[in-house]
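Q: The primary structure of each chain is shown beneath.
Protein chains: 2
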Amino acid sequence: MLGNFTYSNPTKLYFGEDSLKSLNEELPKYGERVLLVYGGGSIKKNGIYDQVIRILADNGKTVSEVPGVMPNPTVEKLYEGCRIAKENQVDLILAVGGGSCCDYAKAVSVSTYCEEDPWEKYFARMEDVDNPVIPVGCVLTMVGTGSEMNGGSVITNHEAKMKIGHIFGDNVFPKFSILNPAYTFTLPEYQMVAGFYDIMNHITEQYFSGTDDNTSDYIMEGLLKSLIHSSRIAKKDPANYEARSNIMWIATWALNTLVACGKTTDWMVHMIGQAIGAHTNATHGMTLSAVSMAYYRHICPYGLAKFRRFAINVWDVNPEGKTDAEVAEEGLKRMEDYMNELGLVMNIKELGVTEDMLEQVADSTILFQTDYKPLTRDDVIRILRASM
Amino acid sequence: MLGNFTYSNPTKLYFGEDSLKSLNEELPKYGERVLLVYGGGSIKKNGIYDQVIRILADNGKTVSEVPGVMPNPTVEKLYEGCRIAKENQVDLILAVGGGSCCDYAKAVSVSTYCEEDPWEKYFARMEDVDNPVIPVGCVLTMVGTGSEMNGGSVITNHEAKMKIGHIFGDNVFPKFSILNPAYTFTLPEYQMVAGFYDIMNHITEQYFSGTDDNTSDYIMEGLLKSLIHSSRIAKKDPANYEARSNIMWIATWALNTLVACGKTTDWMVHMIGQAIGAHTNATHGMTLSAVSMAYYRHICPYGLAKFRRFAINVWDVNPEGKTDAEVAEEGLKRMEDYMNELGLVMNIKELGVTEDMLEQVADSTILFQTDYKPLTRDDVIRILRASM
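Chains as they are written, first to last, in this note's numbering: chain A, 179 to 566; chain B, 179 to 566.
Among the hints, a few may not be true.
It does not matter which identical chain is used: a pair holds within one copy or between any two.
Stated by the list, open to error - 30 Å max Cα-Cα, derived DSSO-like pairs, lysine-lysine:
# : residue 1 : residue 2
1 : K222      : K413
2 : K299      : K511
3 : K353      : K207
4 : K484      : K403
5 : K299      : K403
6 : K511      : K339
7 : K414      : K511
8 : K500      : K403
9 : K403      : K511
These are calculated hints, taken from the structure and not from any lab test.
Please work from the sequences and hints to get the whole structure.
A: Put into structure tokens, the structure is as follows:
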């Protein structure tokens, strides 16, 4: 059953090989001062930076910059961006990069005119935004997070050992996002496959919850099957436009609020993964892959019907002559094989987690009231140990 | 492959049993003068009219009305609505009804300030809108058309024997739509199942085109499976909230532009069905069901791979030991069985089409450049004859 909900997604998307030129349609809608935020400089090597700067100049914009946005944007970097945005009274924040850049742009957007410490207000306490927000636009160069069409923003506080995501309302969604699948071709394989698993996990986090018959589950099964198919092609042939364009589109719809409409969700793999990220600074998607199998095997007996359905509808397991538990486990085994095939990190040791860190990681894990099996701190430690 | 496209859908949806009260959130955003458009009066019997009028009064609105919007809204009715909207200088058009009411509201929205004959400009010539549009909101009481979240509007001109749909841009999309599945419970079975097939056909019109591997096709397979499942339940138990809520949600996503992103589409069942509607005034969904099997069997050999995929992924046909054509036909046969099970009209005689009308219906059929098998006028006559 679909519970009651409101759906609104105002982000305009420009998708395709020529989509960067759409900046010319969007820029005139905003004032003259643009804050350009980007990461480690790969956009300078591949020429995207120069193209963006030229379009900004053609549109008469005054540009200030925040370069060096790191994969897990920190609270110190957030403060720096807010200072620059305020000093320059920027009218638009343009993120050019992956999910971290988009997340960061949204964090700066809501935090610049926040009258108290934005980490405390918007991340630690997750309060509603009640100050002016600066409009955000995105040019996406990596896929996975879905940040290009949602209100999510994840910020890491290394001192507090916390990595916290806040899902803001639709006034914080990017006003527009530009998606060119070809921009994703040059990403190193490790980051590429980590992004693929981030997408898959966004879907399974929302799928493995609830027992109702729900159209959202059917949509997610379709997205998963398309993702499995295209990611296998992209692993072998990263410059396959067909596969990369499908993956880019799946990433957007996996986490732009649609598939969560009218249903409960889980998100505990992300909560444990983010805690690992806060302690190790490991690549986000790999923190998810490393704990997923232990987590899903832990909750499977409590959501058996859904895990059985997952095995049959997503992994084509033939249920004949098997118990529900056997069918469910065969589905999880096929998922595990697929993850190994992609080359994902399948244990947390490889991410730098040591035995003596487990208690601290568990302390950093936010516990949600999930549907199948609400976790205790002890459960988290058990899952972490099984992921070593 | 996903071709280049732009996606933008600004309609805000309020979904669920209490969603009507969301009118209180939306109404303050618009001026004082509201034009209420509705159909034959069922909303007066079931109390929805009184509830809406009360909320409009509570929000201090001055209300003018266009009652009697018919199932296939006519050009004469359009002129009447434009006159009333102009005389009352309305700030918002509120449609309360099914797809015809929503379509009609959008037609009045673009036509009221059109300086020439809006039928000629926006339907016969399908020109872009270059005059002010009046904002539209919808309270949906029937599902099928998807009109609550798109820019489509179909108007019938009985004199010209033409029924033409124009897909307007996102400035014509409803600003908000209120979707309460319980409002759909009391619809007579004939209209209910016609709506179910309208939804299915919206999906298949977009599915049966293209040979590329495309995420949109996977999403459509998910929507179709959910629709088949829930419509079988609703046929037996029309007040089943779970089934009706899923169907309402599928209808919206079947035709709000998402599944067409990056792919070619077909739409010839709708073109032939609309021509039949122009000559008979038959229920829209039944004009589609009556010609579908003949049409799909006509184009199947030219899009065999997709029809094979449809059979396997949507209708669970086992392909082992069968030719592609056999697999494809088995899928179409299961679809035909399902349509008979719902009680759809499966021939055009039952809709009032006689042998001597076939030439004229063919003349009223707009021929699109479709992908698998572009139709000639002779093909249309052949399909009509096979549908007798």
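Q: Tell me, in ascending order, the numbers of any earlier hints that this structure violates.
A: 2, 5 and 6
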